[in-house]
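Since each chain sits alone in its own frame, please combine them into the complex, following the hints.
First to last, the protein sequences are chains A and B.
For the record, in the first sequence the residue sitting at position 327 is 330 according to the working numbering, with numbers rising by one throughout.
For the record, in the second sequence the residue sitting at position 188 is 273 according to the working numbering, with numbers rising by one throughout.
Treat the hints as calculated values from the structure; they're not laboratory data.
Some clues are possibly wrong.
What the hints assert, rightly or not - The calculated EDC-like cross-link candidates involving lysine to aspartate or glutamate, where the alpha carbons are at most 16 Å apart (straight line), are:
no., chain 1, residue 1, chain 2, residue 2
1, A, 297, B, 449
2, A, 212, B, 442
3, A, 212, A, 266
4, B, 161, B, 368
5, B, 161, B, 369
6, A, 126, B, 224
7, A, 126, A, 183
8, A, 126, B, 442
9, A, 40, A, 65
10, B, 161, B, 362
11, A, 212, A, 261
12, A, 40, A, 69
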Amino acid sequence: MSTAVRDQSGREQSGPRTGTMAQALNLALRDAMRADKTVHVLGEDVGALGGVFRITDGLTAEFGPDRCLDTPLAEAGILGTAVGMAMYGLRPVVEMQFDAFAYPALEQLFSHVAKMRNRTAGKLPLPITVRIPYGGGIGGVEHHSDASEAYYAHTPGLHVVTPATVADAYGLLRESIASDDPVVFLEPKRLYWGKDGWDPAAGVEPIGKAVLRRPGSSAVLVTYGPSLPVCLEAAEAARAEGWDLAVLDLRTLVPFDEATACEVVRSLGRAVVVHESAGFGGAGAEIAARLTEKCFHHLAAPVLRVTGFDVPYPPPMLEHHHLPGVDRILDAVARLQWEE
Amino acid sequence: MTVLDHRNDPVAAVPGWRPGATAPRTDPAPLLPDPEPHRALGTGAADAADPELLRELYRRLVAGRRYNQQATTLTKQGRLAVYPASTGQEACQVAAALALRPQDWLFPSYRDTLAVVARGVDPLQALTLLRGDAHTGYDPRATRTAPLCTPLATQVPHAVGLAHAARLAGDDTVALALLGDGGTSEGDFHEGLNFAAVLHAPVVFLVQNNGYAISVPLTRQSAAPTLAHKAVGYGMPGRLVDGNDALAVHQVLTEAVERARTGGGPTLVEALTYRIEAHTNADDATRYRQAEEVDAWRAHDPVRLLEDALRGRGLLDEQLVADAADQAEQLAARMRAEFHTDPELDPMSLFAHVYAEPTQQLREQAGQLAAELAAEAEVHGR
Ligand SMILES: Cc1ncc(C[n+]2csc(CCOP(=O)(O)OP(=O)(O)O)c2C)c(N)n1
Ligand SMILES: [Mg+2]
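This is chain B alone, in the form it adopts within the complex (with noise of 0.2 Å):
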């Protein structure tokens, strides 16, 4: 039978369809985000966690926190074209690679490259559209992680595509989509939400709420009450986190994929964060924010709250701090090595996969540069 309801018969097509009908088609009570965003660290949550959940999450934390550090720094070297940073942003990034399954796909935005990295991708493959040498540098398929998007909120239906396709086949397959709080104003965000209730589809959509789309402060973004809330009209269950607290961040998007594996439909998670950098190296933030505020955020910070509440349950020990500072250390050199040379690229792969053949125009334009690439090695050879 059909994975959708009602749809081969006509009298339920539209159940209780009849003059007067007021009542909602579904409760909304239970939709509704808590008021106050759930947190984990710091309440009895934290002392109920699994000390190895909690030390993991630290380690990846205080690499990603590296991470960011070096690829901010490899901008300043000229080694990366753009970099958008999620410093104070990586609890979110962490989180969400952790709480998916192998068989789980991730679709990233442009700021998402350690939710990416986090997820197994090599860094360098990850990097590739911002260091400007390909625009996708990993196997989508076989990391199960699309490409990184950077037109806003359009990666959106393609999560609820292929969340849809999975639940047509009858696999164990749940579809992660990140974006930020500007995205959520975007048509796509808006199709992809409302396609994702309507067909059910097993997929979770985290927005990392950090307060700006650039310059432009979330109060001129959107009147929503928070964004979670905006799941409420679509039908499906809106949750706010600190997106700051990674133990938090970690059971609301567990919950929610798990919710999506077994049949119970999409999530909208809002997560409460902040972007302690500016949008990207080419960005000036003092002309739109106040450092007061930043240092709020910097109180308010993911590595730090996770060092809090590991320390209060005695697990901040020697080794663990040695240990994520040792594997922090170790994937900056390996960016700082491998970033250190330019990439070797071959003109002639302009032509190579605009289509599954090249038309006759490619093939003639591709003789074209074959020529001038001749002509250019005869100069520099004499």
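For reference, chain A alone in the conformation it holds in the complex (with noise of 0.2 Å):
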């Protein structure tokens, strides 16, 4: 596979690098449609703009207007016209332009992307990639901020993806537009300009897989997307608490890789949950059932949550009330019964 790409010089560039995150899924889109020219991305300003977040930039530029489509606004719309071009052999990847706004398409994504396997026993699989920049924490104004992986995690048939590195979102891309399954490709809005050294020939682990960011031991974060920094920040922190924490990325909430997740939860007998969508219903509880269920006498405390409050996701001027930040993860960490 070519990972070559231009720099801003035009030369060709390949091997180790550092970038940013939305560097990195510009050039995992397009790798991918230089490798399979059934490889379409369709969206609203994706074209000459390269997307509001430029992940899409350059792409009708190399690949013309048919490859990278800027479509009418109308996200139904769009995801139904791309389960078409799947039912026709196509590779859509569609890209929402925020969150929020992608709630438009659920009927589409829920009755028809996540079925059509199924309802079709396996005839008109949908290798659909739906891209959507996701979280709070970037200053955004009401419906830019919604931490929304539940809605899909929740919904059979498709795989929720969420990369937090730099290298996981280049390689989680190329893996979700190269699945047979439809994948819902959360995108954390507040790491798209964070910078690191990466090498896209290097591979990542694949989907299902949850990495440990950092071993441990006292206890493991379990989080995935925008909250590993805060995480990796608070274990950090921790250590001037006597805390040894180890933290956990998984990477993929469907499918959830609960072999691993255990394996580091019966090492260590304590787990936080950390996440920054609401708690009700929320990834973070099902993780949390999981883990006890599967490691109850592992256990020397309750798997706890720190999450979003349950509330409507707050003005810019109040949102770091709101997501769960070192203090609070701190606090969760204090209450897992350390006194025997």
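Now the structure itself:
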């Protein structure tokens, strides 16, 4: 697979590099489109503008407007059209402009995209990737900051993938596009501009594998997507309190890597699940319940959750009170019944 | 190059876009539907029509009527879970199937099993959704017939996307989406038609306007002059046709399919028709419509209209009538025979085809069901 990319001056670049998640996602799209001409990108403003987050930057210029299509403003229409394109053998990658603006497409997603393979007894799998910038922390006004993963994870038939590192952004997006199952690919928009050193050729763990980002001996923070950096920061801060926290990045909510999560939790006996979306009915509820069911006799304390509050996403000047931060995570860690 | 216009050229992004520009970007006049619905039977068009086409339409309409009767009977016998009959709409159903060529795709709704059968899908396979044993009983790819669609109008953008992909591939494929009058109020209808027009996709939309969405009459559904007029707002032609005139529907659809095939873009066709039966066997139509209305439509019956036309041309001979009746009875007999027994179902198939590969959680749940089944078998075995 080609991993070449042009730098500002138009030179092809390959190999290890430093870059942002946004650049890695852009490269993943470009490489996928180069490798497979059935890959088509469609969405709002994905053409000349390159998307409001510039993730599709330059794709129309390289592949033409048929391969990277500016659609009318209609999310159900975009996804519904992608369904028909996939039925005819294409591999559409749909961009939703923001988390909350994907909601008009939910009927197409829930009733058709998620079910088509099943309702046709495997005859019409839909290899569609739905990219959705999601979550808060960017000072966005109303309707631009929803962490919407639970809706998707609750719907059988969808894979739900959410990278938290630059390398994963590239590797998981490539794998999502290549998957014959529909993937909801949730891009933590507050991590778009974070830089990291990475090598596209190095590869990453596949969809469905959780990765231990930080080993530890006291307890584990189980998290994904936008909350990973917060958890790593909390783990660093916890050292001062005498805790050596492990951090597990789930990377994909569906399939959920129960084996890895259980292994870590059994070995440490204490776990906190962290996500920024509302706690009630959230992914953390499912994860905590499963970990409790499967690891009960290894637990020294109940599996706790640190999540956003059960409130509509707040105005930007208040969002820092809503989003789980280091202190809230450490408070939960303190409640893991350390005193024997 | 691209199938889309002007996109790479920022100067021409919107041709003529200057302050004070007021001229319509397309001339609406040719898009407008004719004031009267197109009719062919009982006109000179029927006299000019290919006799074999008329005979074929007749045989299929007679079989279609019998199919509807038989399916309704099967619901009364508990052999079908539910059946939305297309009795009275057979002309639309049959003409839709006949207007398509093998490479074209049909996107039917729940009411369109007759169109699916007329396309050549086995009736048993076409009816699994309504029997309750499988969501889709046929291979959509092999039959180029999408699954029967229940969420209203959601099949519309699918047809557009498939047609668009076919056009990008340079293939000679047209998509035909079927829906009802009520479905035209859904957002997906609007989004689908707008996409179709913008993408210039080779797709045809056939709205079978039977006057009602379950109990709600068209007057509560839309204030548009006709549903065909909606096309104009999208920049595609709207066509109005007598939906009980099989030849007229066939002509209008054939023309629209040909137009799509030759690069002319999408067409919206509104066929005026009536469902003689209730919405489904579970519905009570006497609560919302008058018997005299039903009688008026019975007098404008699609089978009778065709019979009259055939008689007028001296084509309704004993042979044809006998052949049609015979084919209809054969179809009904096959349905009775095939639906006589309960299907054998594998409970473990619940877990098939959720994903390409089952997740760990699905494997565990499959194990749970297998254990439940084994325990059940043991109890029954004892
Ligand atoms: C999105 C959605 N809303 C509601 C329904 C329930 N429903 C099934 S058929 C129907 C009426 C549809 O009327 P119309 O489009 O005119 O088609 P017809 O049944 O008359 O053929 C309704 C409301 C549905 N299937 N999908
Ligand atoms: Mg209706």
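Original post:
Within 16 Å, alpha carbon to alpha carbon, are residue 126 of chain A and residue 442 of chain B?
Top reply: Holds, at roughly 14 Å.
**OP:** Could you grab the alpha-carbon distance between residue 40 of chain A and residue 69 of chain A and see if it respects the 16 Å cut-off?
**Re:** Roughly 11 Å between the alpha carbons, so the hint for residue 40 of chain A and residue 69 of chain A holds.
Original post:
Holds or violated: are the alpha carbons of residue 161 of chain B and residue 369 of chain B at most 16 Å from each other?
Top reply: Roughly 15 Å separates the two Cα atoms, so the pair holds.
Original post:
Within 16 Å, alpha carbon to alpha carbon, are residue 161 of chain B and residue 362 of chain B?
Top reply: Measuring from Cα to Cα gives roughly 14 Å; hence the hint holds.
**OP:** Mind checking the alpha carbons of residue 297 of chain A and residue 449 of chain B for me, to see if they're no more than 16 Å apart?
**Re:** OK: residue 297 of chain A and residue 449 of chain B at ~13 Å, within 16 Å.
Original post:
Keeping to a limit of 16 Å between CA atoms, is the pair of residue 126 of chain A and residue 224 of chain B held or broken?
Top reply: holds (6 Å)
Original post:
Can the restraint linking residue 40 of chain A and residue 65 of chain A be considered satisfied, given a maximum Cα separation of 16 Å?
Top reply: It holds: about 12 Å lies between the C-alpha atoms, which stays within 16 Å.
Original post:
Quick one, are residue 212 of chain A and residue 442 of chain B close enough, alpha carbons at most 16 Å?
Top reply: Roughly 15 Å separates the two Cα atoms, so the pair holds.
**OP:** Given the hint that residue 212 of chain A pairs with residue 261 of chain A, test it: the Cα-Cα distance must not exceed 16 Å.
**Re:** With a Cα-Cα distance of about 9 Å, the restraint between residue 212 of chain A and residue 261 of chain A holds, given a limit of 16 Å.
Original post:
Holds or violated: are the alpha carbons of residue 161 of chain B and residue 368 of chain B at most 16 Å from each other?
Top reply: Holds: residue 161 of chain B and residue 368 of chain B sit about 13 Å apart, inside 16 Å.
Subject >> Hint consistency between residue 126 of chain A and residue 183 of chain A [alpha-carbon to alpha-carbon, up to 16 Å] >> reply: holds (12 Å)
Subject >> Pair hint residue 212 of chain A and residue 266 of chain A, alpha-carbon separation not exceeding 16 Å >> reply: Status holds; Cα separation ~13 Å.
In terms of the numbered hints stated before, the structure departs from none.
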